[in-house]
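**Student:** Given next are the chains, with one letter for each unit.
2 protein chains.
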Amino acid sequence: MKGYVQVYTGCGKGKTTASLGLALRAYGANLKIFIGQFCKGKTSSEFKALYKLKDKITVKQYGKGCFIKNKPDKKDMLKAQKGLEEIKKYIASEKYDLVILDEINIALYYKLIPLSEVMEIIDNKPKKTELILTGRKAPLEIIKKADIVTEMKEIKHYYKKGIPARKGIEK
Amino acid sequence: MKGYVQVYTGCGKGKTTASLGLALRAYGANLKIFIGQFCKGKTSSEFKALYKLKDKITVKQYGKGCFIKNKPDKKDMLKAQKGLEEIKKYIASEKYDLVILDEINIALYYKLIPLSEVMEIIDNKPKKTELILTGRKAPLEIIKKADIVTEMKEIKHYYKKGIPARKGIEK
Chain S
29 MKGYVQVYTG
39 CGKGKTTASL
49 GLALRAYGAN
59 LKIFIGQFCK
69 GKTSSEFKAL
79 YKLKDKITVK
89 QYGKGCFIKN
99 KPDKKDMLKA
109 QKGLEEIKKY
119 IASEKYDLVI
129 LDEINIALYY
139 KLIPLSEVME
149 IIDNKPKKTE
159 LILTGRKAPL
169 EIIKKADIVT
179 EMKEIKHYYK
189 KGIPARKGIE
199 K
Chain A
29 MKGYVQVYTG
39 CGKGKTTASL
49 GLALRAYGAN
59 LKIFIGQFCK
69 GKTSSEFKAL
79 YKLKDKITVK
89 QYGKGCFIKN
99 KPDKKDMLKA
109 QKGLEEIKKY
119 IASEKYDLVI
129 LDEINIALYY
139 KLIPLSEVME
149 IIDNKPKKTE
159 LILTGRKAPL
169 EIIKKADIVT
179 EMKEIKHYYK
189 KGIPARKGIE
199 K
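Those protein sequence lines, which keep their order, are chains S and A. With the working numbering applied, the first sequence corresponds to residues 29 to 199, in that order. With the working numbering applied, the second sequence corresponds to residues 29 to 199, in that order.
Just chain S, with the same shape it has in the complex:
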């Protein structure tokens, strides 16, 4: 089966969530899944659930948490770059049918990792590997190269009413 490149971007809710759903569906079809989460560093509810499915899903985190309000620092950059190197090896191993690079668009937006290297990953991925890239502000170069691009468009969101992220729903 040929694998494609999918991008989930935009400001609406559901990008990471959709990639989790993809992982769950792929799990049900006995595929092997690798998830690399950029920027995130805390053990979230999703992490705990994925751990239950660890016979087929491998999850790694390459960040130290949210820097949306602040600017990323040197440590954020080092974690992301180390992650990218690790991801290249995971993909090259050809062990994984589905590879999810969660929040990689944000890591690119903040220049934590070079776009050229991500483009190389896309160009050189094994044919069978389905590659998912999530995060707001996907670069145009990636959108051009991808087979499926969905923009999660925020029509309405209660964040604007000042309600913080809730355990089990957003985090």
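It is worth saying that the hints were derived from the structure and are not from the lab. Honestly, I wouldn't trust all of these hints.
If several chains are the same, the list does not tell them apart, and a pair holds so long as it fits within one copy or across any two.
What the hints assert, rightly or not - With a cut-off of at most 20 Å between alpha-carbon atoms, the simulated PhoX-like pairs for lysine-lysine come out as follows:
1) 195 with 155
2) 116 with 84
3) 199 with 30
4) 60 with 80
5) 110 with 92
6) 184 with 30
7) 123 with 195
8) 173 with 30
9) 117 with 99
10) 80 with 92
11) 184 with 173
12) 199 with 84
13) 165 with 184
14) 88 with 110
15) 60 with 76
16) 181 with 165
17) 123 with 60
18) 103 with 70
19) 156 with 173
20) 70 with 173
21) 76 with 172
On the provided structure of chain S, position chain A as indicated by the hints.
**Tutor:** Showing chain A alone in chain S's frame:
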């Protein structure tokens, strides 16, 4: 914790997938989850994966499969209406923190179930219950009432190149 009403609509990929991701995240947070799938009737990969998590996730299907190309018939309608009755009981039991009504917008669009009854479900849900409604063509009344609405906007999709749905990725 107060539960909200979320809608995932639009023509892009990732609506059902996002709801599956929500279920997985909620599972990781030890919440109890009910998923009612309208229109769908086949054992998909997602169904198999959810079954692995059946200690906290209950899934029911209220359709006999895809009628997107054809029109729905009497049997589709009966299954959807039976489903709606069952869903009311599941929600009223107050056992579930997260209730996903997958493809309910499509069931409404084809008039398989009455909008007034779905509005009643939204109005009368237990306070703690997070209610998710997915499917293209969400009615304006539901969008108005919801707390979060995300439109999955198709920017690019390989369906248009004539590639059918693939096991473990789309089905």
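**Student:** Using 20 Å as the alpha carbon limit, work out where residue 123 and residue 60 are close: within a copy, between copies, both or neither.
**Tutor:** For residue 123 and residue 60, the Cα distance is within 20 Å only inside one copy (7 Å; across copies 33 Å).
**Student:** Between the shortest in-copy and the shortest cross-copy C-alpha distance, which are at most 20 Å for residue 156 and residue 173: within, between, both, or neither?
**Tutor:** within (17 Å within a copy, 43 Å between copies)
**Student:** When no copy is specified for residue 116 and residue 84, does a C-alpha distance of 20 Å or less occur within a copy, between copies, both, or neither?
**Tutor:** within (19 Å within a copy, 35 Å between copies)
**Student:** Is it within a copy, between copies, both, or neither that the alpha carbon of residue 199 lies no farther than 20 Å from that of residue 84?
**Tutor:** between (22 Å within a copy, 18 Å between copies)
**Student:** As a check of your reading, is residue 88 near residue 110 (CA-CA no more than 20 Å) within one copy, between copies, both or neither?
**Tutor:** For residue 88 and residue 110, only the intra-copy Cα distance (11 Å) is at most 20 Å; the inter-copy one is 43 Å.
**Student:** Could you figure out if residue 80 and residue 92 sit no more than 20 Å apart (CA to CA) within one copy, between two copies, both or neither?
**Tutor:** Neither way: residue 80 and residue 92 sit 23 Å apart in one copy and 31 Å across, limit 20 Å.
**Student:** For residue 123 vs residue 195, is the C-alpha pair at or below 20 Å within one copy, between two copies, both, or neither?
**Tutor:** Between copies only: 18 Å across chains, 32 Å inside a chain, cut-off 20 Å.
**Student:** Could you figure out if residue 181 and residue 165 sit no more than 20 Å apart (CA to CA) within one copy, between two copies, both or neither?
**Tutor:** Both ways: residue 181 and residue 165 sit 12 Å apart in one copy and 15 Å across, limit 20 Å.
**Student:** Can you tell me if residue 60 and residue 76 fall within 20 Å by alpha carbon in one copy, between copies, both or neither?
**Tutor:** both (18 Å within a copy, 15 Å between copies)
**Student:** How would you label the pair residue 117, residue 99 (within, between, both, or neither) given a Cα cut-off of 20 Å?
**Tutor:** neither (29 Å within a copy, 48 Å between copies)
**Student:** Can you give me the call for residue 76 and residue 172, within, between, both or neither, at a CA distance of at most 20 Å?
**Tutor:** This pair counts as neither: shortest intra-copy Cα distance 34 Å, inter-copy 34 Å.
**Student:** Please work out whether the CA atoms of residue 199 and residue 30 approach to 20 Å or closer within one copy, between two copies, in both situations, or in neither?
**Tutor:** between (32 Å within a copy, 15 Å between copies)
Going down the numbered hints, you'll see the structure goes against 9, 10, 20 and 21, while the others check out.
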